[in-house]
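2 protein chains.
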Amino acid sequence: MMKPKVHVPTLLLDRNKCLANIRRMADKAEQNGLIFRPHFKTHQSSNIGRWFRQAGVDKITVSSMRMAEYFANDHWLDITVAFPVNIREMDLINRLAAYIQLNLLVEHHETVQFLDRHLRHPVEVFIKIDVGTHRTGIDPSDTDAISRIMDRIAASKTIKLAGFLAHAGHTYKARGREAVQEVHESYLPMLRDLKARYAGEFPHVLLSVGDTPSCSLAEGFEGVDEIRPGNFVFYDVMQVGIGACRVEDVAVAMACPVVATHPERGEIVVYGGGIHFSKDRLKEDDGQENYGWMVEWTNAGWALPKEQPMFLKALSQEHGIVQATPEFAARIKHGDILGFLPIHSCMTADLMKHYQTLDGEYIEMMKYV
Amino acid sequence: MMKPKVHVPTLLLDRNKCLANIRRMADKAEQNGLIFRPHFKTHQSSNIGRWFRQAGVDKITVSSMRMAEYFANDHWLDITVAFPVNIREMDLINRLAAYIQLNLLVEHHETVQFLDRHLRHPVEVFIKIDVGTHRTGIDPSDTDAISRIMDRIAASKTIKLAGFLAHAGHTYKARGREAVQEVHESYLPMLRDLKARYAGEFPHVLLSVGDTPSCSLAEGFEGVDEIRPGNFVFYDVMQVGIGACRVEDVAVAMACPVVATHPERGEIVVYGGGIHFSKDRLKEDDGQENYGWMVEWTNAGWALPKEQPMFLKALSQEHGIVQATPEFAARIKHGDILGFLPIHSCMTADLMKHYQTLDGEYIEMMKYV
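So the sequences go chain by chain: A and B. Letter by letter, the first sequence follows residues 104 to 472 in the numbering used here. Letter by letter, the second sequence follows residues 104 to 472 in the numbering used here.
Derived by calculation from the structure, the hints in this document are not laboratory data. Be careful, since some hints might not be right.
[Claimed, not checked] Derived pair list, reagent style DSBU-like, types lysine-lysine, alpha-carbon separation capped at 30 angstroms:
| no. | chain 1 | residue 1 | chain 2 | residue 2 |
| --- | --- | --- | --- | --- |
| 1 | A | Lys106 | A | Lys131 |
| 2 | B | Lys436 | A | Lys436 |
| 3 | A | Lys470 | B | Lys416 |
| 4 | B | Lys409 | A | Lys456 |
| 5 | B | Lys162 | A | Lys263 |
| 6 | A | Lys386 | B | Lys162 |
| 7 | A | Lys298 | A | Lys106 |
| 8 | B | Lys470 | B | Lys436 |
| 9 | B | Lys470 | A | Lys276 |
| 10 | A | Lys416 | B | Lys436 |
| 11 | B | Lys298 | A | Lys386 |
| 12 | B | Lys470 | A | Lys108 |
| 13 | B | Lys456 | B | Lys162 |
| 14 | B | Lys436 | A | Lys456 |
| 15 | A | Lys416 | A | Lys276 |
Because the structure is a prediction, the values reported are computed rather than measured.
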């Protein structure tokens with residue numbers, strides 16, 4: 104490739120890296136006897152969805168009803184919405200449940216009651232279990248609340264229990280394989296206990312887990328039936344920091360035109376700001392904020408510079424400020440295109456609303472307004 | 104209004120507050136004998152643009168060429184792109200310069216040379232002066248660099264010098280009228296000196312300034328010809344913190360459905376995350392992060408709760424976690440709609456891609472993909 108042909112901030116996609124990421128995770132699921140139900144909230148793209156289909160995937164996860172509708176329109180017929188049911192979207196739930204296998208997430212018996220009263224077509228539900236992230240879900244020790252939901256499900260003709268679903272978001276605070284493995288092993292027993300507890304009445308419940316760090320790094324999935332990772336399709340700087348991937352596995356990079364240089368302070372100003380990258384950032388050891396690592400263009404795509412690392416130190420709405428060396432900043436010209444690995448690819452992709460492959464192909468994304 | 108009719112995260116717009124914000128700023132410009140060239144990057148809406156037109160505005164500022172094109176399509180014929188020229192967009196520059204008064208921003212003589220060589224229609228340029236924010240622009244003491252640009256402009260037949268343009272972004276770090284006034288007074292003399300220095304050769308150059316805190320709070324605009332504030336059209340929690348507006352002036356609020364409650368830890372989970380609000384945040388005095396203040400619905404629209412303040416303490420892609428009181432969290436039901444003032448309305452509006460007025464009208468925004 105060497106230099107990408109772009110005029111404005113553009114999210115480049117290395118299809119080979121992306122396909123390798125998909126392949127690797129599909130293989131891991133298969134080797135562990137797990138259902139692979141990838142989360143599509145990261146790429147939000149029907150094109151990329153088809154790459155998963157070619158890898159044998161026929162069940163997916165999404166994070167909103169509108170995303171479920173977008174993928175249902177592309178003939179995905181078994182979709183889990185891994186977000187607590189928003190009862191305000193009952194019409195859309197019924198519209199989709201009429202023709203796809205729709206799996207919803209609940210954490211309160213009143214939601215089950217509401218669904219039972221308003222559903223016109225069958226759905227399955229997962230009960231969300233909080234395995235330590237404390238964002239959503241029921242504490243696994245709160246078997247009163249869990250039993251109450253299960254009783255309500257057992258009494259319903261339209262709602263079937265799919266299983267227990269957990270998202271160990273706290274693996275994002277772990278660093279390295281051992282730390283992630285430790286989190287992984289800390290919560291699996293709770294889920295296995297739940298499954299065993301209700302096995303008499305509900306013998307077919309699934310255990311579904313699925314953050315990208317665990318699915319990438321952890322070994323041992325005893326009792327688990329399904330994984331739902333999403334970010335691994337692209338990975339990003341955050342995942343490199345966790346150790347979930349190598350920097351070479353990151354499959355997306357922003358390409359941004361240079362609009363000003365300030366060699367005296369080693370800074371380069373690019374067209375590419377918070378409305379392109381998102382404001383997700385990392386704090387470096389010295390307290391400096393990092394909104395993206397700079398990469399250099401290579402024949403194959405991009406790579407980290409061999410010398411000193413350079414990065415985006417600040418973003419405003421449309422501006423990005425690169426902290427570079429004075430020599431590099433003096434060498435760069437207005438109109439040059441610089442590349443950056445995003446800190447959090449899910450957020451960057453959501454903002455950019457499409458991809459451009461290394462050979463210039465346009466890859467569409469869902470757009471809802 | 105009392106309870107907004109929404110099903111998914113929705114950006115509500117209080118038209119009366121917005122019109123009052125526009126009126127107040129237009130009046131201030133008029134009283135100070137200033138050209139009012141509002142920045143449209145905050146609202147990005149042709150509908151709202153027309154409210155400005157009704158207030159007598161006929162010159163605007165935007166932050167990208169694509170935004171210039173969007174507003175040119177709605178018959179705005181005098182547009183300043185307050186972002187350093189991206190020479191990769193020369194085709195679009197020529198397309199717009201053919202039929203509107205296009206004003207560009209430069210900070211290097213080579214950019215002027217490039218423009219002169221490739222322009223097919225006349226444009227005006229502002230020279231960007233760095234008055235202390237150190238994002239873009241030339242140090243006002245670097246008169247060699249400035250003179251070099253001016254010589255290059257004087258030699259061009261298609262490029263005319265409009266003036267000097269500054270953005271005192273460092274007022275965002277000030278708190279209160281006096282602190283903002285101090286920043287304001289610290290940089291105006293530099294600009295007046297520049298104007299005087301070149302008055303012989305360029306007698307008609309303008310001084311253009313324009314951050315929302317200065318334009319809202321500062322007094323005394325001697326030597327200034329034009330202001331370009333943008334955020335004031337909505338304001339937000341950040342501007343309340345600076346003291347640039349009252350909380351009652353904030354003209355937008357997010358309406359988000361409740362999807363889970365955790366009264367035991369005083370938390371409410373709403374449908375509304377980083378892809379709706381953006382990840383811009385404030386740090387409270389106790390170190391707690393704040394992604395938006397909760398408001399209550401009133402007959403007229405919304406207001407801060409009278410008791411304890413409540414706020415969004417965390418956002419993930421689609422989830423927002425409200426830090427509430429245990430009593431409030433216990434009172435709230437799934438499907439209720441909670442309101443939040445955004446931390447940074449420019450970023451939230453950019454993500455939401457449309458507005459809904461308090462009487463349910465759809466207000467469009469530019470969409471580029």
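Satisfaction of hint between lysine 263 of chain A and lysine 162 of chain B, Cα-Cα up to 30 angstroms: violated (60 angstroms)
Restraint check for lysine 416 of chain A with lysine 276 of chain A, where alpha carbons must lie at most 30 angstroms apart: holds (22 angstroms)
Pair hint lysine 470 of chain A and lysine 416 of chain B, alpha-carbon separation not exceeding 30 angstroms: Holds - the C-alpha atoms of lysine 416 of chain B and lysine 470 of chain A are around 27 angstroms apart, at most 30 angstroms.
Proposed proximity, lysine 386 of chain A with lysine 298 of chain B (alpha carbon, max 30 angstroms): The given pair, whose Cα atoms are some 41 angstroms apart, is violated under the 30 angstroms limit.
Agreement of lysine 470 of chain B and lysine 276 of chain A with the hint, judged by alpha carbon distance not exceeding 30 angstroms: Judged against 30 angstroms, a Cα distance of about 35 angstroms means the pair is violated.
Straight-line alpha-carbon gap lysine 456 of chain B to lysine 162 of chain B, limit 30 angstroms: holds (23 angstroms)
Proposed proximity, lysine 162 of chain B with lysine 386 of chain A (alpha carbon, max 30 angstroms): Cα-Cα ~41 angstroms, so violated.
30 angstroms limit on alpha-carbon distance, applied to hinted pair lysine 470 of chain B and lysine 108 of chain A: Given that 30 angstroms is the threshold and the Cα spacing comes to 22 angstroms, the pair holds.
Proposed proximity, lysine 456 of chain A with lysine 436 of chain B (alpha carbon, max 30 angstroms): violated (34 angstroms)
Pair hint lysine 416 of chain A and lysine 436 of chain B, alpha-carbon separation not exceeding 30 angstroms: violated (42 angstroms)
Pair hint lysine 470 of chain B and lysine 436 of chain B, alpha-carbon separation not exceeding 30 angstroms: Violated, at roughly 34 angstroms.
30 angstroms Cα cutoff - pair lysine 106 of chain A, lysine 131 of chain A: violated (35 angstroms)
Consistency note: the structure conflicts with the earlier hints numbered 1, 2, 4, 5, 6, 7, 8, 9, 10, 11, 14.
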